[in-house]
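This is what each chain is made of:
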Amino acid sequence: MRKPKTGVLGVFPYLDDTTEAIRRCRQEGIPVTVYSPTPRHEIEEALEATESPVRIFTLVGAFTGTASGAALAIWTSLDWPLITGGKEIVSLPAFTVIMFELTVLFGALATVIGLFINARLPQFFGEGKYHPSFSAGNFGVFAHIAPEKFETARTIMTESGSEEVLVEHAQ
Amino acid sequence: MASTSDTLVHPDVRGYADVNRDAMRLLTRPGPGYLALLGMSVSLVGLAAFCWMWQLAYGMGMSGLNNPVGWGTYITTFVFWVGIGHAGTLISAILFLFRAAWRQSIYRFAEAMTVFAVLTAGLFPIIHIGRPWLFYYLLPYPNQRQIWPNFRSPLLWDVFAVTTYLTVSSVFFFIGLIPDIAAARDAAVVPWRKKAYSVLSLGWRGTDREWKHFTRAYLFLAALATPLVLSVHSVVSWDFAVSIVPGWHTTIFAPYFVAGAILSGVAMVITIVVPVRKIFHLEAYLTPMHFDRLAKLLLLTSTIVGYAYGMEYFMAWYSGELYERDVFLDRVSGDYWWAGWSMITFNGIVPHLLWFRRVRENLNYFFIISIIVNIGMWYERFVIIVPSLAHSYMPWQMVNYHMSWVEAGILMGSFGWFFMWFLLFLRFLPGLSIAEIKEVLPPPMRGTRETRLHAQQVPERQEIVEQPAPATAHLKRAQGE
Amino acid sequence: MSDGMKRRDFLKTVSVGGATLTAACKSDGVERLIPYVVPSEEIVPGVPTWYSTTCRECPAGCGMHVETHEGRATKVEGNPIQPISRGNLCARGQASVQGLYHPDRLQGPQVVEEGLEPRNITWGGAEQTLARRIRELQSAGRGASIAFLTERYTGTMDRLVDDWVRAIGARRVVYDPYQDQPRNLQFADADFLISFGADFLETWGSPVDYAWQFAQMRSPMIGQRGKFVWVAPHQPLTGLNADEWVAPRPGTEALVAQAIAGTVDVNSAAQQTGVQAQVLQRLATEFRGARKAVAMGPGQATAGSNASALQAAVDRLNGRASAPQGGDMRPLIQLVQQMRAGQVQMLLISAHNPVYTLPGGLGFEAALRRVPDRVSFSTFPDETAMLCTLRLPDHHFLEQWNDYVPRPDVRALVQPTMRPVFNTKQTGDVLLSVARYLRLNTVTPGNNGATYYDYLRNAWGGGTGDAWREIVKRGGSYPAVPAGPNTAAEVAGAVPPFATQPASGTAAGTANVNAPAVPGLEGTQQVVTPTSPPSLVTALPVATGSPVSTFEGGGDARFHLVVYPSYRFFDGRTANRPWLLELPDPVTKVPWTSWAELHPASAKELGVRQGEILEIRSPFGAVRVPAYVYPGVRRDVVAIQTGLGHKAFGRYTENRGVNPNLLLGPTAAPTGAFAPYSVRVSVQGTGEKSGELYEQGNRVQLDREIAQAVSLSEMRAFDAVVGAKVPGTIPGQNMQVETLRGHGGFQPVETPTDPAAYPPPGTEYGQYTEGKTRWAMVIDNDRCIGCGACVTACYAENNIPVVGPDQVRKGREMSWLRIERYFGVTQDQEEALRDDATSDVRFLPMLCQHCGNAPCEPVCPVYAAYHTPDGLNAQVYNRCVGTRYCANNCPYKVRYFNWFTYQFAAPLHWQLNPDVTVREKGVMEKCTFCVQRINEGQRNASLEGRPLNDSEVTPACVQTCPAEVFVFGNIADPNSAVARAAASNRSYRILEAQNTQPAIVYLQKVTLREPKKGHHADEMYGKRGEAGREHGGAAGTGSTGSQLEPHRAPAGAGSH
Amino acid sequence: MKRILILLGVLLLPVGAWGAYQGLETYQDEPGDKRQGPEQPIAFWHSVHAGQNQIPCMYCHYSAERSEGAGLPSVQVCVGCHAPGSGALPPEQAQLGFPQATRNKFWNAEATKLVDYWRRGEPIPWVKVHDLPEHVQFPHQSHVRVGLQCSTCHGQVQNMELVYQASTLRMGWCISCHTGEMELSPQEDATVRQRSSYIQGVRALAAAGSDVRGVDTRWPHQRASVDCTVCHY
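Residue numbers (the working numbering), protein chains in the order written: chain A, 1 to 171; chain B, 1 to 481; chain C, 1 to 1056; chain D, 1 to 233.
Treat the hints as calculated values from the structure; they're not laboratory data. Where is the CB? At the ideal position from N, CA and C, for every residue including glycine. Don't take each hint at face value.
Said to hold, decoys possible - According to the in silico footprint, chain B covers these stretches of chain A (three or more CB under 8 Å from chain B): (1) 72-78; (2) 92-100.
Claimed, not checked - The list that follows gives simulated cross-link-like pairs (lysine-lysine, DSSO-like), each with its CA atoms no further than 27 Å apart: (3) D:LYS128 / D:LYS113; (4) A:LYS5 / B:LYS296; (5) A:LYS3 / A:LYS149; (6) C:LYS647 / C:LYS604; (7) A:LYS87 / C:LYS772; (8) A:LYS5 / B:LYS278; (9) C:LYS473 / C:LYS604; (10) A:LYS5 / A:LYS149; (11) B:LYS278 / B:LYS296.
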């Protein structure tokens, strides 16, 4: 189900007001986007958030890295076998270093990719209303709601303690 | 009110908006002192560039190296900077995993230091090789010759370890910066800054979805960076340990190097943070508690390093290995005795002054000790590398090494290069981790209000909560509205 | 681009005659291919052409083969069928190509007018000028005021000069330092050799021949171990190789000889010489009791006013009169007097740089300035040539036709190997054309325009084309090289080691080291075989002159001065060769400069330390030279090597060292022989430190057992226990493993210690297959005399750059092969300064060990260092990025880094071997076992469709070594020479505990007395000694013989 | 949908990398030179000599089968044809015999240059077309003796006017022939396999019962040694 792009944004100076607003919106069945200057578990609780799937990316990336490290080192060594120091062509103890490094490298890059995909970053034309004070001290709750139901949301926001209520009419 | 020595953030910081205000202050117009420092750094970089061009034109002979001593100042400085690069990730990743809340206000500096230190270190392998224009031979890229690099070589492990470390720590650094760049964007008034921050923040808005994945991703990055930070200096230590040079071929090297790296890294953090705190008036965020914790880290790693020194000598004696014994005797009584004793004194003995509370709590003393440890750690690498090579197996080929002016220029230039990046960082990116400091601040609550949440009992900080800062008003001021 | 122009000019010159094909000329940005105009039949481009000639760098007259590539001489090697060189050459001979291409050679005839710059003239003009001046003098009736100072020509040139001088009514004076010395001694089978200062391994007589004979004489590999006693006031290289050093009081050496010969009373001799009577007695007993004993002398170090007496005593010892040594200085002294008196109007000089080499006290230089017409024939702008008014540079000997008679049975031919590099002209041709201008019909009968070549050809009896061709091909006429085992390798399999030959023919328990093993030496013509029957000794004339020298200089002149010839520079004539300057002196290991050897006790007394500049003053002059503190010199003697200190000799000798000849006086022995050892000097420290003196290496081994030694008795006892060797085991090593086991602790993994067993189990991967070649080398430390000929050969073959004194001082010399010289074995640096330090000196050629488990290989990130399937440790220059990790990880420190792109000053670069890459800056390099020669052999074999035989490949060092120290080959073949040599009981490998599996097996030096042992010696190979002692007694191999008794400390060292 | 696309992209990445590798290799194997060789001091056309007149290669490049260098004809060889009979005369009297002046002004002028060189006694400074770097050793004789045709490396010289470099002469190109990956004509391949000392050596080892494991595992059709020191030393 697509969330409406229009909606009502409440700006909250207090965390407990914010969670109040979230809960009430959710009770009303209104989907919300919450802005916060710092991650707060209170908000996550209020949203009853699920586990992030980024971990799958990390895991897959890391194992891909291990495999590529091994493959790279082994295949290139066999591609033109040259003896050095009387050691084996496939000197696994030495190659574990490569495998480890690529595990971490690929794992980290995959995590970033996972973050970007899941968090929909980079996003230069963000959807919904935003207020610059969210990165400083204020919290925000944006209720995705059709313009005709703005009043409901506005009421929730004001009642929960919003300092400022903004509306988004676009689209 | 609790004593200042165990507060993470000074009580004067009353709310989220204060953090923004203080962090943004770092990004405003620089003073003449800053410009002078930056100019000096850039000049040093210029000097190093000149020296390197000189060396490229005439050959490696412009260094003081010779036939038994193939590695000298360059590799010493390489290991030194790689070591410096350890404290950042230690503080940002490992302490993050350990939920050591005191890291929040200091880790950004440390992390920036890491990235720039590794950036500096990464130059040295290229500077030190004889034919830098063929550096790409070390990279495993497909080529018509059908030749690949040798994965059995510790130097290739180094290439992988250092590039991985640089990539991962940069990524970690950048990911952590995203919310703060967004804050800077929201606070920026200069148009080009706003534009630049908008791009760099990737459109971050602090939504619940962003935070949800961000916190997870950050945790995994920290979890990946932790073994990496331990591995990278281990790999660097294997450059030496897997060789057969007496004085290098030691199993203790990996932990010893990691401990040494953390010692030098922490010392460098102190060297940087003490003046930064003073100049930018960050006393509220860098409290005596931080320095107390850093002092403990220094003490711990110094003790490990001192133990490693002792162990090396013990093993040299106990093993009865002739070459090993000679090398270790030579370190303290041979031509490089001054370096050997500097290393032992500066790293193994001087930091123990920090057991004394008076020393620990006096930032001047602390700063001096950190500088001494930095010098000592450079000497440590020098002592490991140069005397061992100059006093290896063949009695016939024992020739001493003396640093040349080209090497000295490049060594100084490496500091210029490092501080240049660091100074630029201070001016253009948020040095305090805005979002994470807020995590350790009590969240703003409408205290008197009845909520359906569980009670927010913050008895000790009641007073703070009771006086909420006018966040939006402040922001409007900042934006010049 | 003057460089480019010169090169092209050269190409033009040589290609017209058909002598070049390709040479890079990058001046216009493209590579050019320069073909012949007319092709030469003999030359195939890309395939080297070899010419036979004779080395003229010293009077020895070694046969030489010259390798030329497209008309350029690139490398010289000994002529294997010539009996003097036997295929070997010394460092001076190897460096002769650098004389040929020396950038500072005189490039054409010049005339110098008073107060003007030298003017280049044409050869026609030069010859006419000379003829005109001679005619003027003749017509003025002063033909007798023309003198020709020549070297000791022996062949055709001798006759031509005599004829020429006689025809113009002039006179000839011969001056040739170190020329008149016996070159036909035969002592390869001697068991006692005593030398009275005759440095026969360096300059005296015939060094290449004598070095070989010396090695043979003392080679346990072929079953003999003669003893060598050195009687002289100091120890040059030859002295260091002695088993015993006797240093009598200066000037009394003849008495020692007489005491041994029994013509003086031992006790009175002991009193005068300061040598203990029992030592003299023992020497006399040993000399007389020897199966074959040979005496040598006098050498430069003992040539005082008693030289005649000494020579007589030596003749007596040898039972045979010899020609007067040291030449006759009297005509020369007379000539100088006349020059000073203005009685000489013209002096022509073809002798070797008399201004430099003659004693300062003679005043030759000042006298020369009084001669109005001074004509030099020198090839180089040396001091003499620079003082001359007419310079007529001779061809280098590699460019000329000539002949030379080094010893009666050898008539050697010198033939040009390439077109002249510069506009020089053969002196013989100059004399002939001057004779034509002067219409001297006795010299040029018929005035038919014959060249010196025709003259020479005539002197050789004309001969038909084929006969002459054969002579040219052989490089002269001479007897065949005596048959018999030449190298240790050849005999290693053929002659069983001692143990299997239990007391053969020596029932009385005499050591069978005396058994002659070199039969057939008598095959040579006119060989001196001193048989010294007592009756003959008495029949010889008694000594002429006093047996005790007198010395000039008094007052505070407390030190006797020894000025001795240099192995590297001879009398100074080869001092401008960069290779020889960079080659450290074999004894002091000092390159590029001079030094004064001073005994540690004297240094202490004077309060000077090594490297401090000394002021040395004699009645004739003074020099300032850095001190070299060295126990191999008497306390009352200071020794300075000659050769450096040139005022003019090209760029490489500018401001290098001092000329010690300036300190000498014009003293001559009664026979007229020059007596340099007759001056006392005062020595004072100046407190100034020399920046020039740099001693390479370490004098002590730091307990590391790098260069090992075993006493003869111990070796023989051990041989008796172990018995015949099975190739593939090295007992010393097995012993070590046993020792470790015996002591518990870690159980060592048994690794095959024999390179033949390569690859060791667990390392056989990739392309390694059984039965393939494994190149390896055996180095017999016992044969090595430490001279460094191999080092120079390596420079010549492998395009190794000369880095210069400043870089050498930084430890950046590039010598792929170096000779390490150890005076002591322990950690104690003082050990090398004690009086007995020189009694057990170890020389060790150190080069890439081509390890099976090479530590340098796996650390290279780009595979520039790797192992080839035939066991070479290869270095691929173009792949190298220059991390220097390989050099760090090389325990032998034999990898050398190109710190700069070194320049080869034109035309020295014409010497570069086209088969070897010239390395640029930033690249690591090292010994390749001369892989270019291996590849060439491999190519030739495969062209013929057959497998390569390892004897076809000889690396440059192996090829040139006069003592034949090296054996090279395929050790995987158990029948190969190298495998058989490696099976010796003396074999060990350096730093074996590192499990590097080196391909170079060293053989321990054999000493007559108990060798010095490091503190680790018992752990390293003491077990062997124990085993030897235990079983030696039990097996009853009997007494170890008189020679095996521990010797007393050198009498001389302790006697002053 | 977006995610699937991204996933697809990630999966395609290695494929793309492989493609780039192949492309790079092909690109690098492309001979860089144009189909016309450099200006030479004399406009010597191989198409005339080797093509029309069918002169065998080794008539002029006479040392190819016994030396590392293929050899260049001396000026004497050139005038042997172009100024017949000049061998008996002093060089100054040599006369151009061919091509005749009447036939072609251009060719006459070029051939006159040759005679001038001969008269002056100067070698002709040809511009090197096949110019290997100094760190590579290439022995012609080994390659000629195993039966490789000149044109295999030098191209169809008989069709070239000014000779150009037909092959890359790069290491990968050399190696691909040594490893047997490069196609040779069946006859050539057969002779090479029969005469190669490398193959003979392996056969001998195998015949002697030696362990030749590892010899032919990597390159089953290997023709010659790929050891670095074969060419670089």
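Okay, the hints, checked on the actual structure:
| no. | hint | in the structure |
| --- | --- | --- |
| 1 | 72-78 | holds (count 4) |
| 2 | 92-100 | holds (count 5) |
| 3 | D:LYS128 / D:LYS113 | holds, 19 Å |
| 4 | A:LYS5 / B:LYS296 | violated, 53 Å |
| 5 | A:LYS3 / A:LYS149 | holds, 14 Å |
| 6 | C:LYS647 / C:LYS604 | violated, 33 Å |
| 7 | A:LYS87 / C:LYS772 | holds, 18 Å |
| 8 | A:LYS5 / B:LYS278 | violated, 48 Å |
| 9 | C:LYS473 / C:LYS604 | violated, 58 Å |
| 10 | A:LYS5 / A:LYS149 | holds, 13 Å |
| 11 | B:LYS278 / B:LYS296 | holds, 21 Å |
The structure does not agree with the numbered hints 4, 6, 8, 9 stated previously, though it agrees with the rest.
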